[in-house]
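**Student:** Sequence order for the protein chains is A and B.
In this text, residue positions in the first sequence follow my numbering: the first is 146, and each later residue adds one.
In this text, residue positions in the second sequence follow my numbering: the first is 146, and each later residue adds one.
Mixed in with the good hints there might be a few duds.
Any copy, or any two copies together, can satisfy a pair, since identical chains are not distinguished.
Stated by the list, open to error - In silico SDA-like links for lysine to any residue, alpha-carbon gap of 25 Å or less:
hint : residue 1 : residue 2
1    : K424      : G313
2    : K432      : R322
3    : K424      : T332
4    : K196      : D347
5    : K379      : P316
6    : K234      : P435
7    : K424      : F227
8    : K293      : N431
9    : K293      : A459
10   : K424      : G314
11   : K293      : D402
12   : K234      : D402
13   : K432      : H299
14   : K352      : S411
15   : K424      : H299
16   : K424      : A312
17   : K339      : E168
18   : K424      : E315
19   : K379      : A312
20   : K379      : T177
21   : K339      : A312
22   : K234      : C193
Please keep in mind that the hints were generated in silico from the structure rather than gathered at the bench.
Below, each chain spelled out in residue letters.
Protein chains: 2
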Amino acid sequence: MVYIGVDLGGTNIAVGVVNEKWEVVAQASTKTLASRPYQEIIRDMAVCADKALSQLGLTHNDVNSIGVGIPGAADEEGNVIFCTNLGWKDIPLRTELQKYINKPVYVGNDATVAALAESYAGVSAGCSSSIFLTLGTGVGGGIIINGKPWNGVHGVASELGHTILVAGGEPCSCGNRGCLERYTSATAIIRMAKEAVKENPDCAIMKKAGGNPDRINAKLVIDAAKEKDPVGMKVFDQYTDYLAMACNNIIQFMDPDMVVLGGGVSYAGDFLVEAVRAKVPNYILNKTLPYSRIELATLRNEAGIIGAALLGAAQ
Amino acid sequence: MVYIGVDLGGTNIAVGVVNEKWEVVAQASTKTLASRPYQEIIRDMAVCADKALSQLGLTHNDVNSIGVGIPGAADEEGNVIFCTNLGWKDIPLRTELQKYINKPVYVGNDATVAALAESYAGVSAGCSSSIFLTLGTGVGGGIIINGKPWNGVHGVASELGHTILVAGGEPCSCGNRGCLERYTSATAIIRMAKEAVKENPDCAIMKKAGGNPDRINAKLVIDAAKEKDPVGMKVFDQYTDYLAMACNNIIQFMDPDMVVLGGGVSYAGDFLVEAVRAKVPNYILNKTLPYSRIELATLRNEAGIIGAALLGAAQ
Chain A
146 MVYIGVDLGG TNIAVGVVNE KWEVVAQAST KTLASRPYQE IIRDMAVCAD
196 KALSQLGLTH NDVNSIGVGI PGAADEEGNV IFCTNLGWKD IPLRTELQKY
246 INKPVYVGND ATVAALAESY AGVSAGCSSS IFLTLGTGVG GGIIINGKPW
296 NGVHGVASEL GHTILVAGGE PCSCGNRGCL ERYTSATAII RMAKEAVKEN
346 PDCAIMKKAG GNPDRINAKL VIDAAKEKDP VGMKVFDQYT DYLAMACNNI
396 IQFMDPDMVV LGGGVSYAGD FLVEAVRAKV PNYILNKTLP YSRIELATLR
446 NEAGIIGAAL LGAAQ
Chain B
146 MVYIGVDLGG TNIAVGVVNE KWEVVAQAST KTLASRPYQE IIRDMAVCAD
196 KALSQLGLTH NDVNSIGVGI PGAADEEGNV IFCTNLGWKD IPLRTELQKY
246 INKPVYVGND ATVAALAESY AGVSAGCSSS IFLTLGTGVG GGIIINGKPW
296 NGVHGVASEL GHTILVAGGE PCSCGNRGCL ERYTSATAII RMAKEAVKEN
346 PDCAIMKKAG GNPDRINAKL VIDAAKEKDP VGMKVFDQYT DYLAMACNNI
396 IQFMDPDMVV LGGGVSYAGD FLVEAVRAKV PNYILNKTLP YSRIELATLR
446 NEAGIIGAAL LGAAQ
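Turn these sequences into a full structure, and let the hints guide you.
**Tutor:** Rendered as structure tokens:
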């Protein structure tokens, strides 16, 4: 038997066939074209699934279940509660998808799905509990407890990016101030760097950005820090301080086996995770007791498909 | 069958017999005298349990299990990992207590135990998941997930008071800065009030404190706010803002059925919880979706005994 995993994004729909070793063995994808009626988008999920299955000579009879990871929240009945960047609200995803493929359909948040993928096939495999942070444009969270995704009672848990880290701090797109994602996202690195280069217009960051602060991105700043540029190192130090505080908050609250760092910023690799690990003891309460491991995600782009496929297996 | 609940504090050991309706039906207590060898303190737990049982004409044969709530952390084997204000570290509580009463012994953190009590016999009865905040000198947390206490993988979860709410903020006794308990404890109300009365030496708070800022306590400040004293209202507004942010962080992270406010500050009653409820929508991300109820704890002093007794029943 195989599992179908659908990674629904604002730009692409990526669909994969996943085997029982949690490997993606066939893939198909298409553009989301998010402004279309949801029925068309969901029909295209089924079309891609059929394409991927046919690559392997498989049919619906070989499919155990279908999982869909969405950039939003879903309920236990497979309805999308909301999905902001697709403009979806109360969409009956399960019912609609079952019109094409009559198999069990599960729907989950994309960061939760990535957390699940890592906990079966990635860095947190073997951990009964783990908490995943996607460090991208924003910050998403995924929670695995006793081997299962925790979506909360109303389906809106793990919005770690919108817990408050600096009361009264930087304004957030959500209307709040001081949200964790204002300090630990790629966007936060860019903001901190733009601030720092004002007084240091000749630094390596500005050179890499061709003298234009609007061309600063997170990778460029971290690369400057890796090259020991003082301004880059200062920004990186500031950023990893906040990220260590975020890890502290996760550890003090839930004490999981592992905190997993994923998303674009995590591609900075050991340079990032080693800096965070060195700083976490500055914050945690019980410094002499064992605490959660802090690790980098390993599955990268495939996490979305594998984790979605796993939604059925992890029930 | 009955359950024995032991509420171990720095000052008193309170032991109760709890029936299957989760009512305390007999009690006995003694001084902790915390500087004694732990063996003596644990022996006194058994002595008190026997006293309470004898009031009902019961023997060890009638006892299902024994639970002990401690102001610290314990592991799954019933060992105390640490218990700061008793100076305990790695104490084999289960083994030692079973020398006197040979029944299953469970050990848990006191705030977790209070959360468990509320979830069986108090305000959160019927909720599968709830998160409890004790608003006292410090701030403790208790987490119930799927009807069971969540202690974390290393036994040190739910230290909500030491999650960071104001990065770089007020120094905390733990050595960190900006911990949630620096803004949401009774101690925080006193600090905020002492600051506010400097410019208002004739306010109602100072009158209630007999003109001596060192006599300000949390109840006195909240009473002043209830009486519409402008300085009291200002401090109460500031305090409930932070408490609403704390609720936001719990809701965004775990999305439980209910957030339960307990501890001394919660005795301010509806005046407190209504102010917090009114402010939570200022912070949460999905303002139009259902979210966790925010309620006052109802069991007060008995929560420690009932919750400890429940440690066995909730396994």
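**Student:** If a hint holds in the structure, say so; if it does not, say that too.
**Tutor:** Structure-based check of each hint:
no.	hint	verdict
1	K424 with G313	both (24 Å within a copy, 14 Å between copies)
2	K432 with R322	between (30 Å within a copy, 15 Å between copies)
3	K424 with T332	within (21 Å within a copy, 28 Å between copies)
4	K196 with D347	neither (52 Å within a copy, 78 Å between copies)
5	K379 with P316	both (22 Å within a copy, 24 Å between copies)
6	K234 with P435	between (43 Å within a copy, 14 Å between copies)
7	K424 with F227	between (36 Å within a copy, 23 Å between copies)
8	K293 with N431	between (27 Å within a copy, 24 Å between copies)
9	K293 with A459	both (6 Å within a copy, 20 Å between copies)
10	K424 with G314	both (22 Å within a copy, 18 Å between copies)
11	K293 with D402	both (14 Å within a copy, 18 Å between copies)
12	K234 with D402	between (34 Å within a copy, 22 Å between copies)
13	K432 with H299	between (35 Å within a copy, 13 Å between copies)
14	K352 with S411	within (23 Å within a copy, 56 Å between copies)
15	K424 with H299	between (34 Å within a copy, 20 Å between copies)
16	K424 with A312	both (21 Å within a copy, 14 Å between copies)
17	K339 with E168	neither (41 Å within a copy, 61 Å between copies)
18	K424 with E315	both (22 Å within a copy, 19 Å between copies)
19	K379 with A312	both (23 Å within a copy, 17 Å between copies)
20	K379 with T177	neither (40 Å within a copy, 51 Å between copies)
21	K339 with A312	both (22 Å within a copy, 21 Å between copies)
22	K234 with C193	within (23 Å within a copy, 58 Å between copies)
In the structure shown, a violation is registered for the earlier hints numbered 4, 17, 20, in ascending order.
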